[in-house]
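Could you build all of it, start to finish, from the sequences and the hints given here?
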Amino acid sequence: MKRRIFSDEHDAFRETVRSFLAKEVLPFYDQWEKDGIASRDAWRAAGKQGLLGLAVPEEYGGGGTADFRYSAVMAEEFTRAGTPGLALGLHNDIIGPYLTGLATEEQKRRWLPGFCDGSLITAIAMTEPGAGSDLQGIRTHAEDRGDHWLLNGSKTFISNGILADLVIVVARTTPEGGAHGLSLLVVERGTEGFERGRNLDKIGQKAQDTAELFFHDVRVPKENLLGELHGAFVHLMTNLAQERLSIAVAAIAGAEHLLEITTRYVKEREAFGRPLATKQHIRFEIAEMATECAVTRAFLDRCVEEHTDGGLSAVDASMAKWWATELQKRVADRCLQLHGGYGYMSEYPVARAFTDGRIQTIYGGTTEIMKEIIGRSLLG
Numbered sequence: 118m119k120r121r122i123f124s125d126e127h128d129a130f131r132e133t134v135r136s137f138l139a140k141e142v143l144p145f146y147d148q149w150e151k152d153g154i155a156s157r158d159a160w161r162a163a164g165k166q167g168l169l170g171l172a173v174p175e176e177y178g179g180g181g182t183a184d185f186r187y188s189a190v191m192a193e194e195f196t197r198a199g200t201p202g203l204a205l206g207l208h209n210d211i212i213g214p215y216l217t218g219l220a221t222e223e224q225k226r227r228w229l230p231g232f233c234d235g236s237l238i239t240a241i242a243m244t245e246p247g248a249g250s251d252l253q254g255i256r257t258h259a260e261d262r263g264d265h266w267l268l269n270g271s272k273t274f275i276s277n278g279i280l281a282d283l284v285i286v287v288a289r290t291t292p293e294g295g296a297h298g299l300s301l302l303v304v305e306r307g308t309e310g311f312e313r314g315r316n317l318d319k320i321g322q323k324a325q326d327t328a329e330l331f332f333h334d335v336r337v338p339k340e341n342l343l344g345e346l347h348g349a350f351v352h353l354m355t356n357l358a359q360e361r362l363s364i365a366v367a368a369i370a371g372a373e374h375l376l377e378i379t380t381r382y383v384k385e386r387e388a389f390g391r392p393l394a395t396k397q398h399i400r401f402e403i404a405e406m407a408t409e410c411a412v413t414r415a416f417l418d419r420c421v422e423e424h425t426d427g428g429l430s431a432v433d434a435s436m437a438k439w440w441a442t443e444l445q446k447r448v449a450d451r452c453l454q455l456h457g458g459y460g461y462m463s464e465y466p467v468a469r470a471f472t473d474g475r476i477q478t479i480y481g482g483t484t485e486i487m488k489e490i491i492g493r494s495l496l497g
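Per our numbering, residue 118 is the first one in the sequence shown, and the count goes up by one each step.
Don't take every hint at face value.
Claimed, not checked - Listed below are the simulated EDC-like cross-link pairs for lysine to aspartate or glutamate, each with C-alpha atoms no more than 20 Å apart in a straight line:
| # | residue 1 | residue 2 |
| --- | --- | --- |
| 1 | LYS384 | ASP450 |
| 2 | LYS140 | GLU150 |
| 3 | LYS339 | GLU223 |
| 4 | LYS488 | ASP251 |
| 5 | LYS151 | ASP318 |
| 6 | LYS446 | GLU402 |
| 7 | LYS446 | GLU377 |
| 8 | LYS225 | GLU340 |
| 9 | LYS488 | GLU443 |
| 10 | LYS446 | GLU193 |
| 11 | LYS140 | ASP234 |
| 12 | LYS225 | GLU176 |
| 13 | LYS319 | GLU464 |
| 14 | LYS339 | ASP264 |
| 15 | LYS165 | GLU150 |
| 16 | LYS319 | GLU150 |
| 17 | LYS165 | GLU141 |
| 18 | LYS319 | ASP433 |
| 19 | LYS225 | GLU305 |
| 20 | LYS446 | GLU194 |
| 21 | LYS140 | GLU194 |
| 22 | LYS384 | GLU405 |
| 23 | LYS319 | GLU245 |
| 24 | LYS165 | GLU132 |
| 25 | LYS165 | ASP282 |
| 26 | LYS140 | ASP128 |
| 27 | LYS339 | ASP261 |
| 28 | LYS151 | GLU141 |
| 29 | LYS165 | GLU194 |
No lab work stands behind these hints, which were simulated from the structure alone. Everything numeric in this text was worked out from a predicted model, so none of it was measured.
Here it is as structure tokens:
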């Protein structure tokens, strides 16, 4: 059934994404999982297909559209294909807005063409061993040395950390102001003193490199300051709504896909001489999940429309992220249970979805942080 939020152009783009996945991702994905990292060739192929820099102006090599619905299509299709390890969404929807919205003209011309053609892979480094959602706890710091910043510190759980050619680092540039004493500094591959630690061993999304990063007296040129000096807190808060909506869009797509494959499975699988689908308990489970997905989809589509029109609030984005990711987690657990022993086997899509999706309630702000944001908006 055609969803009213998408036009014929969006539907055509969906077919492009599916074709890209079939040709450039799915044949290689199992090997990427074993390697713990995706191929750079896939990033370059994505650039050739016009899947990178969707919202970047054409003059810098991008798609020239700010329509978030194209990003939503990509998030849905990558999730349904079970290929979250190729982190194009992180590149496009989370890091892209920092570069298009904050970069100077010189920075745009230096970085955006590579961003769009897949030769320059990006990451954002905020989380530290002792600081996650609490920005006041960030200890990575940069000293003003006249013509450069001297950067020292470490980051962890950095998606694209191994592959990244350009890393936006959240660093303390003044001891004053707590969370408001932070700036965004761009560190490029090959900079002396910039080292990558382990490619971290995760329980899911194994094809997506997630690394520790270390900065030892790294000289960051003054022209690599992104946005306002000491303005990182505002910059980060401005872009969080889209990040959380992107996660939520992938979450509802994941829940719907699990419901689809599980519905097929219980129709085919027999127990005690009859299909599982004939059991009242199974029918009730499917009915509950289908209803929860339908209600969540209606809210998510409304949020996508509002964001496309520039009107999505931080509170609604938090609601979407909390509800959709927790639903994805519940649906994955229930669908795995309905698959029985087969659901525990890695070769079954439900098993991979169970582990791949578990991070959804954590990154981009945990469920608990989402509830705190919503609660504060209601109660002060």
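Each hint tested on the structure:
no., hint, verdict
1, LYS384 to ASP450, "holds, 19 Å"
2, LYS140 to GLU150, "holds, 17 Å"
3, LYS339 to GLU223, "holds, 13 Å"
4, LYS488 to ASP251, "holds, 15 Å"
5, LYS151 to ASP318, "holds, 11 Å"
6, LYS446 to GLU402, "holds, 15 Å"
7, LYS446 to GLU377, "holds, 15 Å"
8, LYS225 to GLU340, "holds, 12 Å"
9, LYS488 to GLU443, "holds, 12 Å"
10, LYS446 to GLU193, "holds, 16 Å"
11, LYS140 to ASP234, "holds, 18 Å"
12, LYS225 to GLU176, "holds, 10 Å"
13, LYS319 to GLU464, "holds, 18 Å"
14, LYS339 to ASP264, "holds, 6 Å"
15, LYS165 to GLU150, "violated, 24 Å"
16, LYS319 to GLU150, "holds, 11 Å"
17, LYS165 to GLU141, "holds, 11 Å"
18, LYS319 to ASP433, "violated, 30 Å"
19, LYS225 to GLU305, "holds, 14 Å"
20, LYS446 to GLU194, "holds, 18 Å"
21, LYS140 to GLU194, "holds, 14 Å"
22, LYS384 to GLU405, "holds, 17 Å"
23, LYS319 to GLU245, "holds, 17 Å"
24, LYS165 to GLU132, "holds, 16 Å"
25, LYS165 to ASP282, "holds, 18 Å"
26, LYS140 to ASP128, "holds, 19 Å"
27, LYS339 to ASP261, "holds, 9 Å"
28, LYS151 to GLU141, "holds, 17 Å"
29, LYS165 to GLU194, "holds, 18 Å"
Comparing the model with each numbered hint stated earlier shows that hints 15, 18 do not hold.
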